[in-house]
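Undergrad: Note that the protein sequences, when read in sequence, are chains A and B. One rule links them: number in this note's numbering = place in the first sequence (from 1) + 49. One rule links them: number in this note's numbering = place in the second sequence (from 1) + 49.
Certain hints may be false.
As the list makes no split between identical chains, a pair holds if one copy fits it or if it spans any two.
Said to hold, decoys possible - Simulated pairs of lysine-lysine, DSSO-like, Cα-Cα distance not exceeding 27 angstroms:
hint : residue 1 : residue 2
1    : Lys-92    : Lys-80
2    : Lys-51    : Lys-101
3    : Lys-65    : Lys-305
4    : Lys-176   : Lys-92
5    : Lys-60    : Lys-409
6    : Lys-205   : Lys-389
7    : Lys-176   : Lys-91
8    : Lys-170   : Lys-409
9    : Lys-348   : Lys-80
10   : Lys-101   : Lys-131
11   : Lys-389   : Lys-170
12   : Lys-125   : Lys-170
13   : Lys-176   : Lys-131
14   : Lys-65    : Lys-51
15   : Lys-170   : Lys-305
16   : Lys-371   : Lys-60
17   : Lys-305   : Lys-70
18   : Lys-387   : Lys-131
19   : Lys-131   : Lys-369
Just so you know, the hints here were simulated from the structure itself, not pulled from any lab data.
There are 2 protein chains.
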Amino acid sequence: MKNFEFANPTKILFGKDQIQKLSTEIPQDAKVLMLYGGGSIKKNGIYEKVTKALSGHEVLEFGGIPANPEYDILMKALKIIKDEQITFMLAVGGGSVIDGVKFLSSAALYEGDEPWDILAKRIRTFKGLPFGTVLTLPATGSEMNSGSVITRAETKEKLAMGGPGLFPVFSVLDPTVVTSIPERQLANGLADAFTHVLEQYMTYPAGAMLQDRLAESILQTLIEVAPQIMKNPADYQAAANFMWSCTMALNGLIQKGVPTDWAIHMMGHELTALYGIDHARTLAIIAESHYTYNFESKKEKLAQYAERVWRVTDGSLEEKAKAGIAQTTAFYQSLGIKTKLSEYTDQYPGTAAEVARRLKEHGMTGLGEHGTLAPTDAEKIVEMAY
Amino acid sequence: MKNFEFANPTKILFGKDQIQKLSTEIPQDAKVLMLYGGGSIKKNGIYEKVTKALSGHEVLEFGGIPANPEYDILMKALKIIKDEQITFMLAVGGGSVIDGVKFLSSAALYEGDEPWDILAKRIRTFKGLPFGTVLTLPATGSEMNSGSVITRAETKEKLAMGGPGLFPVFSVLDPTVVTSIPERQLANGLADAFTHVLEQYMTYPAGAMLQDRLAESILQTLIEVAPQIMKNPADYQAAANFMWSCTMALNGLIQKGVPTDWAIHMMGHELTALYGIDHARTLAIIAESHYTYNFESKKEKLAQYAERVWRVTDGSLEEKAKAGIAQTTAFYQSLGIKTKLSEYTDQYPGTAAEVARRLKEHGMTGLGEHGTLAPTDAEKIVEMAY
């Protein structure tokens, strides 16, 4: 087990009717900016519940944060935060809205001239404007971590940021929101959380027996609830386990003391930036070829995963490891997610070279748990995913 | 899954040489009181490492906090805290020292006349004097939770306290400390952590699939490392997994969203108060008879535990459940821990009635996950454990 530091101060309010508690969780004297996405919260009743809970507070609103939160739009929200001297933000949405609010949390207190530098120059945030979240879409885990990914359409860039100042003060996780999520987003959420766990687990054995088992627990739970959720998102128990699994998949716990990969995400981000493919689907596109390309260095963990998560009992270590890859692809496909790039775009020829070029441009020249995957390796992996 | 709130702000510093970080984790201008137990830290080198790390700080010391931290001794430390205007405490020890420091954290800011009231009147602590810990004995999980148990020899009482103000600011978990722990304490730590998980898991199915699997992960890890630890406590990987498992067993996470029992602890506490039997061993004494007495209401979870944790594949649900109980007893015994009260004291006749009387006196009239176990039930359970 590697040395680690772990701290996660976010307060989770989990379950039915927890939205009511916003009235006491947000300081009474706060000037609140409530931020949300495309307006689905006005159709599914969440907007009404939130505004009712906040009736005793001074609240301004900013809607329209898109999937893959866009820098130019966020800059408009930043102007409101500064002009109106906002003291607390409430993100009501999925990972995109929450990630956007994290950028704003950092940018609101940033003293440099150009907030884009927070992303471009990878400036860590140690103190941000406080914010809470009401999660409407289980997937990214952003509701209980301090990371964020922001997109800039102008330059087709998608960059990460973070720091200990960016944990939500609290997050409301009400599984009844799952009922109104469209099928495509449910599949994305399941695939996203599943891949988050894989990125922190599918590396090499590092003597972290407990962390391995915790990761496997989340994978097993997601596999068990996936068909239930896809069939009936109003199944409260399935929705609750789905929601808590997504949060636990990326709240920092399972990555502590172990090597982590994240190469699938780095390649996937470029596919979203280039073609607008849903984030979770880019992960499903890359995973199989990434594990196949790096088979030798990952086969021990792939075999362990096949044995413990998929109950593969027969065959050699290599055969089990291959079965683990095949089961992963089959899992994505069971959610209705296509796993080849050519199934998403006709423009795929040349993509691998372009991804490699962009990774190089962003300084991502040593990906993976060993830090050894060069852009030329990424090129081969993406090509295998055509 | 039940509704829940979860927040745990304790920062964990895990691994070799993390003690050095005390120099920066404790505020520079703090006036520190370092508290420890019987002095074993002066033999195993931990005292030296800690004092070296704190060489830039103003530090006073208070040693001699005993196992089952004693109220009268803690009151002497409280006088020092007040006389010397201590602003930060550092607990260096196991659960007893840390629990003692939690009481002091509360008592230092308590405005009533009689600090014992914090325990006797179950007063929750919302703000305490800040403290950190250096864990020297993995077992209780006190290093990452906000609970404490204090003993008063004078009245043979052992009472619990807690509140959100009592989380350690940080805890240093260095697995190399395991090397110098005596065999008896290692066995106690393994049994204690194992039973902590059982108390939060062995109830009835509540639809919390993820929490069940997380609990099973900790149990499986403890079972796997137990023989390694007992054979060679200098095995770093085994020690690291043992240590992190003990913390994860009682940092609040696995009990969220599920019913919890804790009746074994309530009965066990009385056995420690009466006979001075090690805490962990009282749990091993009570567990089998508790699960046997409550077999009907716990058999589904007992069978799931037998299947998933002990890989019991044959037999009916009842047979598997019984195998789960037998495996639990065998696990305690594999650590060299005796599981019958008569193996610890000749005074056992009459104990059951006395335990029942004391539980009634302390208002513990509805134990267990259903809140239905009366002192008369406890009497029968303890009698079965003779």
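Undergrad: Decide, hint by hint, whether the structure agrees.
TA: Taking the hints in turn, this is what the structure says about them:
1. Only within a single protomer do Lys-92 and Lys-80 lie at most 27 angstroms apart by alpha-carbon distance; the minimum there is 26 angstroms, versus 56 angstroms between protomers.
2. In the homo-oligomer, the alpha carbons of Lys-51 and Lys-101 lie at most 27 angstroms apart only across protomers (24 angstroms), although the nearest pairing inside one protomer, at 47 angstroms, exceeds that limit.
3. Proximity of Lys-65 to Lys-305 under the C-alpha cut-off of 27 angstroms is restricted to the inter-copy arrangement: shortest distance 14 angstroms between copies versus 31 angstroms within a copy.
4. Proximity of Lys-176 to Lys-92 under the C-alpha cut-off of 27 angstroms is found in neither arrangement, the shortest distances being 35 angstroms within a copy and 42 angstroms between copies.
5. In this assembly of identical chains, the alpha carbons of Lys-60 and Lys-409 never lie at most 27 angstroms apart, being 38 angstroms within a copy and 35 angstroms across copies at closest.
6. In the homo-oligomer, the alpha carbons of Lys-205 and Lys-389 lie at most 27 angstroms apart inside one protomer (22 angstroms), although the nearest pairing across protomers, at 69 angstroms, exceeds that limit.
7. Proximity of Lys-176 to Lys-91 under the C-alpha cut-off of 27 angstroms is found in neither arrangement, the shortest distances being 32 angstroms within a copy and 39 angstroms between copies.
8. When the C-alpha separation of Lys-170 and Lys-409 is checked against a cutoff of 27 angstroms, the pair qualifies only within one copy, where the shortest distance is 15 angstroms, while the shortest distance between copies is 64 angstroms.
9. In this homomeric assembly, Lys-348 and Lys-80 never come within 27 angstroms of each other (Cα to Cα): the closest approach is 53 angstroms inside a single copy and 52 angstroms across copies.
10. Only within a single protomer do Lys-101 and Lys-131 lie at most 27 angstroms apart by alpha-carbon distance; the minimum there is 25 angstroms, versus 47 angstroms between protomers.
11. In this assembly of identical chains, Lys-389 and Lys-170 lie within 27 angstroms of each other by CA distance neither inside one copy nor across copies; the values are 33 angstroms within and 64 angstroms between.
12. Within a single copy, Lys-125 and Lys-170 get their C-alpha atoms as close as 21 angstroms, which meets the 27 angstroms cut-off; across copies the closest is 53 angstroms, which misses it.
13. Taking CA atoms no more than 27 angstroms apart as the test, Lys-176 paired with Lys-131 passes inside one copy only; the shortest distance there is 16 angstroms, against 33 angstroms between copies.
14. With identical chains, the CA atoms of Lys-65 and Lys-51 are at most 27 angstroms apart between copies only, with a shortest distance of 9 angstroms across copies and 38 angstroms within one.
15. Taking the shortest Cα distances, Lys-170 and Lys-305 sit within 27 angstroms of each other inside one copy (25 angstroms), while across copies they are farther apart (39 angstroms).
16. Taking the shortest alpha-carbon separations for Lys-371 and Lys-60, neither the intra-copy value of 40 angstroms nor the inter-copy value of 39 angstroms comes in at or below 27 angstroms.
17. Proximity of Lys-305 and Lys-70 under a CA criterion of 27 angstroms is satisfied inter-copy only: 18 angstroms between copies versus 31 angstroms inside one chain copy.
18. For the identical chains of this complex, Lys-387 and Lys-131 are neighbours neither inside a copy (43 angstroms) nor across copies (66 angstroms), given an alpha-carbon limit of 27 angstroms.
19. Taking identical chains as interchangeable, the C-alpha atoms of Lys-131 and Lys-369 are never at most 27 angstroms apart, the minima being 56 angstroms within one chain and 63 angstroms between chains.
The structure fails to meet hints 4, 5, 7, 9, 11, 16, 18 and 19 from the earlier list, while all remaining hints are met.
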